[in-house]
Amino acid sequence: MTAMKQFTTTKDVQLAVGQLWTDIYRDGARVLLVTDFAEPTTDAKGRARCQVSYRVVVRDGAQTTSARVQKIDADRLADPKLYALVTDPKLLTWVRGVQA
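Our numbering numbers the first residue of the sequence shown as 48 and each following residue consecutively.
It is worth saying that the hints were derived from the structure and are not from the lab. Where hints are given, some of them may not hold.
What the hints assert, rightly or not - Keeping only pairs whose Cα atoms sit at most 20 angstroms apart, straight-line, the calculated EDC-like set for lysine to aspartate or glutamate is: (1) Lys58 <-> Asp70; (2) Lys58 <-> Asp90; (3) Lys52 <-> Asp122; (4) Lys92 <-> Asp59; (5) Lys92 <-> Asp120; (6) Lys118 <-> Asp83; (7) Lys52 <-> Asp83; (8) Lys118 <-> Asp70; (9) Lys118 <-> Asp90; (10) Lys52 <-> Glu86; (11) Lys128 <-> Asp59; (12) Lys58 <-> Asp122; (13) Lys58 <-> Glu86; (14) Lys52 <-> Asp120; (15) Lys137 <-> Asp70; (16) Lys128 <-> Asp70; (17) Lys58 <-> Asp126; (18) Lys92 <-> Asp122; (19) Lys118 <-> Glu86; (20) Lys58 <-> Asp120.
I would like the entire structure built from these sequences, with the hints used as guidance.
Dropping the structure here:
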């Protein structure tokens, strides 16, 4: 069995391993690096659900090398009221430089 590299949420948001997401409701927010997906399940309403594994790579504006893997529901991570996909090229380069 091969590990999943991407997942599409119930709102058609594409999540992928290696993406960076950030909290949108506070300054100096965490940046989350998507590392893995659990096997999708189906809830009672027939919707696909999936747990996303992530590591915090930036906390309070400073780089961090957290080894702790945490999980979040894919639909929650893709909720635009809570999180945003990091698209700033400078931040992407800075974080990816740390991960290399």
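Do the hints match the structure? See the list:
1. Lys58 <-> Asp70: 19 angstroms, holds
2. Lys58 <-> Asp90: OK: Lys58 and Asp90 at ~15 angstroms, within 20 angstroms.
3. Lys52 <-> Asp122: Holds, at about 16 angstroms.
4. Lys92 <-> Asp59: Status holds; Cα separation ~17 angstroms.
5. Lys92 <-> Asp120: Between Lys92 and Asp120 the Cα gap is close to 16 angstroms, so the pair holds against 20 angstroms.
6. Lys118 <-> Asp83: Holds, at roughly 9 angstroms.
7. Lys52 <-> Asp83: Holds, at about 7 angstroms.
8. Lys118 <-> Asp70: Between Lys118 and Asp70 the Cα gap is close to 15 angstroms, so the pair holds against 20 angstroms.
9. Lys118 <-> Asp90: With a Cα-Cα distance of about 18 angstroms, the restraint between Lys118 and Asp90 holds, given a limit of 20 angstroms.
10. Lys52 <-> Glu86: This hinted pair holds, its Cα atoms lying about 11 angstroms apart.
11. Lys128 <-> Asp59: The hint holds at about 16 angstroms.
12. Lys58 <-> Asp122: 8 angstroms, holds
13. Lys58 <-> Glu86: It holds: about 18 angstroms lies between the C-alpha atoms, which stays within 20 angstroms.
14. Lys52 <-> Asp120: Cα-Cα ~16 angstroms, so holds.
15. Lys137 <-> Asp70: Given pair Lys137, Asp70 holds - Cα atoms ~17 angstroms apart, limit 20 angstroms.
16. Lys128 <-> Asp70: 9 angstroms, holds
17. Lys58 <-> Asp126: 9 angstroms, holds
18. Lys92 <-> Asp122: With a Cα-Cα distance of about 15 angstroms, the restraint between Lys92 and Asp122 holds, given a limit of 20 angstroms.
19. Lys118 <-> Glu86: 13 angstroms, holds
20. Lys58 <-> Asp120: 13 angstroms, holds
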